[in-house]
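Novice: Let's have the full structure, built from the sequences with the hints guiding it.
Residue numbers (the numbering used here), protein chains in the order written: chain A, 1 to 317; chain B, 1001 to 1275.
Source of the hints: derived by calculation from the structure; they are not laboratory data. C-beta atoms are modelled at their ideal positions from N, C-alpha and C, and glycine is treated no differently. Just so you know, nobody snuck in bad clues.
Not the full set, but computed from the structure, chain A residues with beta-carbon under 7 Å of chain B:
no.	residue
1	Pro37
2	Leu50
3	Leu112
4	Ala137
5	Thr249
6	Gly279
7	Ile299
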Amino acid sequence: MTTTLSTPRAAGAPPAATTRVRQGIGERLAPYAYIAPFFLIFAVFGLVPLLFTFYVALFDWNPIGEHIFIGLDNFTRLLDDARFWNAAWNTISIWLLSTVPQLLLALGLAHLLNHARLRFAVFFRMSMLVPYITSVAATAIVFAQMFDRDYGLLNWLLGLVGVEPIDFKQSVWGSHLLIAVMVTWRWFGYTTLLYLASLQAIPRSLYEAAAVDGAGGWKQFRHISIPSLRPVIVFTIVTSTIGGLQIFTEPLLISRVAAQTCGAVRQCQTLTLFLYEQGFGQFQFGYGAAIGVALFVLIIAFAALNYVLSTRVRPER
Amino acid sequence: MNKANRVRWWTYLLLGLAVFACLFPLYWMFVVASTDSATATQMPPEIVPGGNFFHLAGLVLETVPFVSSMVNSLIVAGAIGVGHAVLCSLAGFAFAKLRFRGRNALFLIVVLTMTVPTQLGVIPQYMIISALDWVDTLQALIVPGLASAFGIFWMRQHIGATISDELLQAARIDGATTWQIFWRIAFPLVRPAAFVIGLLGFVTAWNDFLWPFIVLKSPEMYTAQIAIKALQNSLDIDLGLAMSGSFLATLPLLLLFVFVGRRMVAGIMDGAFKG
Chain A
1 MTTTLSTPRA AGAPPAATTR VRQGIGERLA PYAYIAPFFL IFAVFGLVPL
51 LFTFYVALFD WNPIGEHIFI GLDNFTRLLD DARFWNAAWN TISIWLLSTV
101 PQLLLALGLA HLLNHARLRF AVFFRMSMLV PYITSVAATA IVFAQMFDRD
151 YGLLNWLLGL VGVEPIDFKQ SVWGSHLLIA VMVTWRWFGY TTLLYLASLQ
201 AIPRSLYEAA AVDGAGGWKQ FRHISIPSLR PVIVFTIVTS TIGGLQIFTE
251 PLLISRVAAQ TCGAVRQCQT LTLFLYEQGF GQFQFGYGAA IGVALFVLII
301 AFAALNYVLS TRVRPER
Chain B
1001 MNKANRVRWW TYLLLGLAVF ACLFPLYWMF VVASTDSATA TQMPPEIVPG
1051 GNFFHLAGLV LETVPFVSSM VNSLIVAGAI GVGHAVLCSL AGFAFAKLRF
1101 RGRNALFLIV VLTMTVPTQL GVIPQYMIIS ALDWVDTLQA LIVPGLASAF
1151 GIFWMRQHIG ATISDELLQA ARIDGATTWQ IFWRIAFPLV RPAAFVIGLL
1201 GFVTAWNDFL WPFIVLKSPE MYTAQIAIKA LQNSLDIDLG LAMSGSFLAT
1251 LPLLLLFVFV GRRMVAGIMD GAFKG
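Specialist: In structure tokens:
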């Protein structure tokens, strides 16, 4: 199973120039074999389960008992379920509170880091990746402690300026804010590095020409940096939509009691946590799957909306 | 922007604040993890580390099988790291340097899979793992994570940019098979990049929570993250306990990061597609 010596198959050459030579079947299938592991893994553990979710959602499905076909009953039940709408609202609220500040912060920091003469540049960049290597679980534990009503550092600092202790975990806005802080903390540095990489790819001559024309720092940022960053901004908006709407670990770990509902009145239960509660807490696989389908629709809708908004809205030149 | 100008003092001030925000929670984790519960619950809080770190760490080991959970995490993350380095390089090599029918369409599919929220299929995922009889095993965590679309995308960019077609052709003329070309020529040349992808896979696997939380049942199978959750659940109301576990579970990655963080930063920045 070897290629002929005289007419080697030009790897990577344009197809027109390639002379196909007779090869052993193993050689011809080699490229498919090399990419097969990923496709196999993705199919078995990613795509098939996702599609199967739509099927399971049509059943009253008990993991150790019967599963009975009930059509769309899970969905009609879902639409009447106040817990579902509460979780949907919590998910969107937490996502907005965590994504918007995160992207703006990253944009600003990338701008600051993109200075040719900045000292300690490596130190700054490395420091900003530290939250990313910290696990979500550890992040949730430490932030929940810092925001604690009785023993938290933040409430102590607020107390110094005369503010009454705030019970972040028990209130709706407080718990959303707390989770948003955790998400933002973990991801803003990573996003900063993505933006910085794009900024560094912009030719410096563009800025010099703009400076000659009298454009100041802000105008340069708006008319050169932002348009050049558009692809990566769209990318981060779409990925943070997909990831941000599936928040699970942070709300689960905020409090020890009523963890599956993120508190007594479900004040910060997200859709993924609701899915977990119904599927693995109550063993209602069908109903849990229906929540998964609903969240899927929500994610597709928001990702598409964000994509359209972020590609169509353009600053005036 | 102001590239030709001097760096203003407030640039350092703002970046310094950002660094402080990034590092302080880890410092705080250590502070609480090293004070006894009486100190941790006093007001005003103690803001320097106490001398109680080893006592709490010992308590962590008594409460949950923490050592075995760290070993489990190391096995899972290590296997996934190696899997990422090899499988993503292999697929990236195929997409960058081999010609085959459907290549572009298949690559597009790889990229698109990055936008598929597969976590929503977690209930059928669990059914599949059940059917394989893999519940409460480490391979249930390892196998699904062995390769990633991002890693393939990244290795394709890298291999396409760094390995010349002439080199591979020369090897081909010398009679090398495709596998030999990959393993003897291409892979050694991109080993540093494969190392970074392996690291990113390692870190992601080490920190993963939802899937291990669902799949693992018995304490001796826990990964470090699930052990943290178990510490939080434990009846012991010592505030420092979960913090101590969190700190211990983060420490290996912090140490690793000191040595390879620079390369991770460069890797993430190289992988970003540029405007």
